Amino acid sequence: MARIIRSFPQGLALSLALLVAAACEPAGALLTDQLREAIEQYRQGEGEVEAIGSRIEALFARMEAELAELRADAAAKSGEAKAELESRLAALEAQRRELQKQWLAARLARLGEEAGKALESAGQAIGQGL
Numbered sequence: 000m001a002r003i004i005r006s007f008p009q010g011l012a013l014s015l016a017l018l019v020a021a022a023c024e025p026a027g028a029l030l031t032d033q034l035r036e037a038i039e040q041y042r043q044g045e046g047e048v049e050a051i052g053s054r055i056e057a058l059f060a061r062m063e064a065e066l067a068e069l070r071a072d073a074a075a076k077s078g079e080a081k082a083e084l085e086s087r088l089a090a091l092e093a094q095r096r097e098l099q100k101q102w103l104a105a106r107l108a109r110l111g112e113e114a115g116k117a118l119e120s121a122g123q124a125i126g127q128g129l
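First residue of the sequence shown: 0, per numbering that gives the first Met the number 0; consecutive thereafter.
The hints are simulated quantities; they were obtained by calculation from the structure and are not laboratory data.
Be a bit skeptical, because a hint or two may be false.
[As the list claims (entries may be wrong)] In the SDA-like style, the derived pairs of lysine to any residue whose C-alpha atoms are separated by at most 20 angstroms in a straight line are: (1) K76 <-> E65; (2) K116 <-> R106; (3) K100 <-> E49.
[To be verified] Pairwise CB distance ranges (calculated): (4) A117 <-> S77: 52 to 60 angstroms; (5) E83 <-> A108: 33 to 41 angstroms; (6) A89 <-> E112: 32 to 40 angstroms; (7) S120 <-> E85: 49 to 57 angstroms; (8) A74 <-> E119: 51 to 59 angstroms.
Quantities reported herein were computed from a predicted structural model and do not represent experimental measurements.
By construction, the Cβ of each residue, glycine as well, lies at the ideal position given by its N, Cα and C atoms.
Let's have the full structure, built from the sequences with the hints guiding it.
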């Protein structure tokens, strides 16, 4: 086994180690990172805003599925395993609530910007009509 590991090029070994580390990271952590990034893109208006909004909704749906799975797993366990799952569940639910607040704030900010542009355009049209 040691001979096999030594025969790996360094870059490949590092890539493999990073892949294993990423696979060990809980799905909830990956989802929250993806949601934060997508919400920030939406807030800054980077890319196609409607597509980003749809992606955010899909990510929240995946998070809800992850929460449901954690609830089911916790219900099936007892003792220390149950307490650990319940702790992870509570942490993920708290993160979801915070992300939902950020998503709502980003949508309201975008709505405000669009309303301001519409009012400005209407004012210009009225000004030109006089």
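Checked hints:
Straight-line distance between C-alpha atoms of K76 and E65 comes to about 17 angstroms, which keeps the hinted pair within the 20 angstroms bound. For the hint pairing K116 with R106, the CA-to-CA distance comes to about 15 angstroms; that is within 20 angstroms, so the pair holds. For the hint linking K100 to E49, the alpha-carbon distance of about 19 angstroms falls within 20 angstroms, and the restraint holds. For A117 and S77, the Cβ-Cβ distance of about 57 angstroms falls inside the hinted range of 52 to 60 angstroms, so the restraint holds.
Checking the proposed 33 to 41 angstroms range against E83 and A108 shows it holds: the Cβ atoms sit about 38 angstroms from each other. Taken as a hint, the range 32 to 40 angstroms holds for the pair A89 and E112, whose Cβ atoms sit roughly 35 angstroms apart. Between S120 and E85, the C-beta spacing of about 52 angstroms keeps the proposed range 49 to 57 angstroms intact. Taken as a hint, the range 51 to 59 angstroms holds for the pair A74 and E119, whose Cβ atoms sit roughly 54 angstroms apart.
Hint compliance for this structure: no hint is broken.
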